[in-house]
Amino acid sequence: QSVLTQPPSVSATPGQRVTISCSGSTSNIGRNYVYWYQHLPGTTPKLLIYRNNQRPSGVPDRFSGSKSGTSVSLAISGLRSEDEADYYCAAWDDSVTAWVFGGGTKLAV
Amino acid sequence: QVQLQESGPGLVKPSETLSLTCIVSGESIGHYYWSWLRQPAGKGLEWIGRIFKKGNTNYNPSLKSRVTLSMDTSKNLFSMNLTSVTAADTAVYYCVRQDYNEVFDYWGQGARVTVSS
Chain A
1391 QSVLTQPPSV SATPGQRVTI SCSGSTSNIG RNYVYWYQHL PGTTPKLLIY
1441 RNNQRPSGVP DRFSGSKSGT SVSLAISGLR SEDEADYYCA AWDDSVTAWV
1491 FGGGTKLAV
Chain B
4 QVQLQESGPG LVKPSETLSL TCIVSGESIG HYYWSWLRQP AGKGLEWIGR
54 IFKKGNTNYN PSLKSRVTLS MDTSKNLFSM NLTSVTAADT AVYYCVRQDY
104 NEVFDYWGQG ARVTVSS
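Residue numbers (this note's numbering), protein chains in the order written: chain A, 1391 to 1499; chain B, 4 to 120.
Since the hints were derived computationally from the structure, they do not count as laboratory data.
None of the values given here were measured: they were computed from a predicted structure.
Hints are all accurate, no fakes.
When the alpha-carbon atoms are kept at most 27 Å apart in a straight line, the in silico DSS-like pairs for lysine-lysine are as follows:
{"#": "1", "chain 1": "B", "residue 1": "67", "chain 2": "B", "residue 2": "57"}
{"#": "2", "chain 1": "A", "residue 1": "1457", "chain 2": "B", "residue 2": "46"}
{"#": "3", "chain 1": "B", "residue 1": "46", "chain 2": "A", "residue 2": "1436"}
{"#": "4", "chain 1": "B", "residue 1": "46", "chain 2": "A", "residue 2": "1496"}
{"#": "5", "chain 1": "A", "residue 1": "1496", "chain 2": "A", "residue 2": "1457"}
{"#": "6", "chain 1": "B", "residue 1": "78", "chain 2": "B", "residue 2": "56"}
{"#": "7", "chain 1": "B", "residue 1": "78", "chain 2": "B", "residue 2": "57"}
{"#": "8", "chain 1": "B", "residue 1": "56", "chain 2": "B", "residue 2": "67"}
{"#": "9", "chain 1": "A", "residue 1": "1436", "chain 2": "A", "residue 2": "1496"}
{"#": "10", "chain 1": "B", "residue 1": "16", "chain 2": "B", "residue 2": "67"}
{"#": "11", "chain 1": "B", "residue 1": "46", "chain 2": "B", "residue 2": "67"}
{"#": "12", "chain 1": "A", "residue 1": "1436", "chain 2": "B", "residue 2": "56"}
All chains should be built: construct the whole structure from the sequences, respecting the hints.
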C-alpha cells in the first residue's frame, strides 16, 4: 500500500491528452513539492516534472504538472507511442521524514 | 559525468542479511544525498533510505528496523545492509543520487537480488 495514491493504469489513443492523478496528505503533497518520473522498461526512471510543475530541460512541453491541495496531476498531451511507460509521483513526507512514492500508473497508448 | 554502480550478491538466503555497495564516480559523496530504492517485479518503486553529509540518515519507516546505511568517503562509496530478509525483499535495488533540488537525478543500473533458499 503506497502512501501516495495513483490509478494503476490509464489508456488513450495517439494524439489524445491524458491525466494521471496522485493524491496524498497534508504531510507530503500538501506541504512539499511533488516530482514525477517516467520509467520505461529496461531503463532507469527519468525525471519529468520537479517542484510540482517545472520541466527539466529536454522534457517536451507536452508534459505538464499541476497541484491543488493534497493532490497533483500529470498531464500528457499529443500522446505518442513512446510515452507508454510507468509514471510515478514522489514527495517528501514530513510526518515520517521519508520520501514516499505513488504505486505507479501504467500508461497504454 | 556522475556514475553509480551497485555491487553485491544476486542471491541471498531467507533470514540472512542483504549487503549492497554503491561505488560513485564523478562526484564526491560528501555532497548531495545518496539513496537506495528498490522495485519488486511487477510492483512500484519504493524508497529505502538515504545517507548524506557525514553519515546522517533517513529511513523508510516500514524498513527502518532492518536497514542500515553507511558511507566511506575515502573510497567514495555508500552501502546498505538489510537484515532478516524474506522473499518479499526480492527486487531490483538501485542506488541513486539526489541533488539539492531534491531530484533523483543519477541512478545506478540496478542490482537484481533474489531471496531464496
